[in-house]
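J.: In the order they appear, the protein sequences are chains H and Z.
Heads up, the first sequence is in my numbering, so the first residue is 1 and it goes up one at a time.
Heads up, the second sequence is in my numbering, so the first residue is 1 and it goes up one at a time.
Keep in mind that the hints were calculated from the coordinates and are not lab data.
Note that the structure is a prediction, hence the values are computed from the model and not measured.
One thing to keep in mind: the hints can contain errors.
[What the hints assert, rightly or not] What follows is a list of derived Cβ distance ranges for each label pair:
(1) H:74 / Z:622: 37 to 47 Å
(2) H:95 / Z:587: 41 to 51 Å
(3) Z:620 / H:74: 45 to 55 Å
(4) Z:592 / H:49: 15 to 25 Å
(5) H:65 / Z:604: 39 to 49 Å
(6) H:49 / Z:596: 46 to 56 Å
[What the hints assert, rightly or not] With a cut-off of at most 35 Å between alpha-carbon atoms, the simulated DSBU-like pairs for lysine-lysine come out as follows:
(7) Z:180 / H:53
(8) Z:48 / Z:28
(9) H:100 / H:90
(10) Z:635 / Z:180
(11) Z:28 / Z:212
(12) H:59 / Z:635
The C-beta atom is built at its ideal place from N, Cα and C for all residues, glycine as well.
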Amino acid sequence: MNPASLQSYLLISSALFALGIFGLLMRRNLIAMLISLELVLNSASLNFVALNKFCLPDKSLGQVFVIFIVALAAAEVCIALSLILWFYRKQETVNVEDAKELKG
Amino acid sequence: MELNLLWVIQLAPLAAFLLVQFLPKGAKKTAPVFAILLALAAACASIKLFSLHADGSSLPAQYLHPWLSVSDQTLWPFVAIKDYALSVGFLVDRLNLLMITVVTTITFFVQLFSFYYMAEDESRARYFAFLSFFAFSMTGLVLSSNLLQTFLFWELVGLASYMLIGFWYQKPSASTAARKAFVINRLADLGFYLGILLLFILFGSVDYLNLKTEALTAALPQGTLTALGLLVFMGVMGKSAQFPFHVWLPDAMEGPTPVSALIHSATMVAAGVFLLSRAFGLFSASITTLTFILIIGTLTACVGAMLATVQRDIKRILAYSTMSQLGLMVMAIGAGSAVAGMFHLATHAYFKSLLFLTAGAFIHRFHTNDIWEIGTAGGKKERLALAALALGLFSLSGIFPFAGFFSKDMILETLHEHGGLFYYAALFVSFLTAYYSFRLLFIITRSKVSASHHEDTHTHHGSALLDLCRALPLISLAAISVVVGLTGTSVFDFKLLHWLGGEQTHLNLEILTTTTLLILAAGSLAFWKFSDPEAAEKRLRENKSPLHLALERKLFIDDAYDFLVKKVGLGIAALLDRFDRAFINGVLVNGTSYFILNIGRWLSRVQSGLLQDYLAWVMTAGVAVIFWAAHLASKGLS
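If we strip away everything but chain H, and leave its shape as in the complex, we get (with noise of 0.2 Å):
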């Protein structure tokens, strides 16, 4: 396989996917999920600039979007980590398992 090819770039990036979902799912600790979450964005972004690279090489449109995945990631970590850290205070705990206050 050609390590500049569009296929590996799309490997790399479905993998990182599939572990920020595994991550997602299966962690326990809201910042470890917080963390997979990014990978999530991640490999979205990657795809985004592999796609221009050899979709439309002469355009910049994925590299715009991925600047401003960037952006809302970093918005994102800030309000996530604010929350968390009011959870934690709350409930001496990051574990997901205890923030279940809405069930009925």
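Following the hints, complete the assembly by docking chain Z onto the known chain H.
T.: This is chain Z only, laid out in the frame that chain H set:
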């Protein structure tokens, strides 16, 4: 002129009803005056109307007013599209001229007698109001020009009958009897109403003048005609107390006696017979219907006469007698002679209301319905009532030359010509009729008057007016009943039967001798058994034959109804109740709810409260959507 008379006949009783209803409390005492005067007005108007048409000219006359017209094409999908029109109005012909005269005159005399009979009753304003209301409904019934209009008034007389049977509603027996009469009549009227509806839909008209046998047989198949006739006859069976719907009539005697005289012997129960001859074209269109009518009439006549032979209550004797005489009239019509039926209706109306009024006189005087008690209390001292009673009973048993003789012989002759066993059944009925008539007469006249009884009957011969109100109806009805019988013969210039479209009665020697012998035999049998009423009563108390017991149990017909309602009806109801509880409620209603509840319980486990479970669901759903979209896309491509 004629229309004005008709309006007077129709509206005078209604006016009496309204006047009495809206009288101020203080003036309620005057209620009988209005009722009696307006009844007199109606009676005079109908006699005048009758005399206008005595020569038979310009009949039948109709005064119609259009009421409803239906040209809906989707009214009934299976028959040809027709325009239907209904009209209301008066129809005057010989039949209802006779009937209206009978009804209004008897109403007047009964109202007059009621003034005496109800003199001490607290709520006699209500009584006279209801009686007038009845008279209004009855005249409406008689004067109607079509079946539907008749049906409306038919229901109104049923209502009036209900209210008057239950007049003393404080008595449980009276209110029960009223309810019984009402329910049985409604049951029968269901058939009547269905018959009218079907006739209207299939034939397109319910006007009496259009109900001709030829037109009907041309328009409808024979089976339909039979069904229609039987449905309409069902209403007749209810109203005219025909077997097996007769059970309400004896119980209806719980009402005041003048009511029994007017409604339950002379007019309302005869309305069924009147309807039979009114819509005779409908019934005679099918031989099956006529035969059925004949059979039902025979059963009614026999059962009624048999039951009358064992009663102790004077009103019940008369009630069963009414039933059997109605059966005779129905037989006559079933045998094809509407004229004979109507003639007997007219004579019977007069002499039976006379009989009931004499019964009322006895009951009012001695405060008992039991004939033995009336006898020992001094029944034979009441000269006038006794004479009237004897005349009525002679008439009832058909002794020459009293009214019943002519009309009953005419029926016998009709049945004789018709052939079959019906003639012998009618002879049997005549025999029984004479037997119970003489039984009644002998028990009242031959009882020894016990002194103690005689003293404690209270005397309230206060005013001469009351005495007049008691005597006048008795004398007049007695006289009229004799005269009406004679109009059927060739004695007078006016020949009633000829006028009605039949032949005058003539002496048929064979039947005359047969009936006379039968009456003699019945009279001697009654004399042999009841010439000494005290001994007869003692004998009855000691041992009763099985037949006698069966007759006292009303031939188990009431028991059969009891069984039908309590065992069969309630059994079915219990089964349905089980079904309802177990299946409808248990399986369908509760089952559905439990099913939903359990699904909900099961599904609610999905809501674990764990964020990651929800995430997993979302993703599964997302993947499913993607696959589905891909599937659609691949289908679109191919």
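J.: Is it true that the CA of residue 100 of chain H sits at most 35 Å from the CA of residue 90 of chain H?
T.: holds, 13 Å
J.: Does the structure keep residue 180 of chain Z and residue 53 of chain H at a Cα separation of 35 Å or less?
T.: Distance of about 100 Å is beyond 35 Å: violated.
J.: Using the C-beta atoms of residue 74 of chain H and residue 622 of chain Z, is the stated range 37 to 47 Å upheld?
T.: violated, 25 Å
J.: Does the alpha-carbon distance linking residue 59 of chain H and residue 635 of chain Z stay inside the 35 Å limit?
T.: Given pair residue 59 of chain H, residue 635 of chain Z holds - Cα atoms ~34 Å apart, limit 35 Å.
J.: Within 46 to 56 Å or not, the Cβ separation of residue 49 of chain H and residue 596 of chain Z?
T.: Roughly 52 Å apart at Cβ, these two residues keep to the hinted range, so it holds.
J.: Is the hinted pair residue 48 of chain Z and residue 28 of chain Z satisfied, with a Cα-Cα distance of at most 35 Å?
T.: holds, 31 Å
J.: Between residue 65 of chain H and residue 604 of chain Z, does the C-beta distance stay in 39 to 49 Å?
T.: holds, 41 Å
J.: Measure nothing beyond the straight line between the CA atoms of residue 28 of chain Z and residue 212 of chain Z; if it is 35 Å or shorter, mark the hint as holding.
T.: violated, 49 Å
J.: Is the hinted range of 15 to 25 Å satisfied by the C-beta distance from residue 592 of chain Z to residue 49 of chain H?
T.: Roughly 58 Å apart at Cβ, these two residues miss the hinted range, so it is violated.
J.: Do the Cβ positions of residue 95 of chain H and residue 587 of chain Z conform to the proposed distance bound of 41 to 51 Å?
T.: Holds, since residue 95 of chain H and residue 587 of chain Z (Cβ atoms, about 48 Å apart) stay within the stated range.
J.: Is 45 to 55 Å respected by the C-beta to C-beta distance linking residue 620 of chain Z and residue 74 of chain H?
T.: The hint (45 to 55 Å, Cβ to Cβ) is violated, given that residue 620 of chain Z and residue 74 of chain H are roughly 30 Å apart.
J.: Is residue 635 of chain Z close enough to residue 180 of chain Z, meaning Cα to Cα at most 35 Å?
T.: violated, 75 Å
Violated hints for the displayed structure, listed by number in ascending order: 1, 3, 4, 7, 10, 11.
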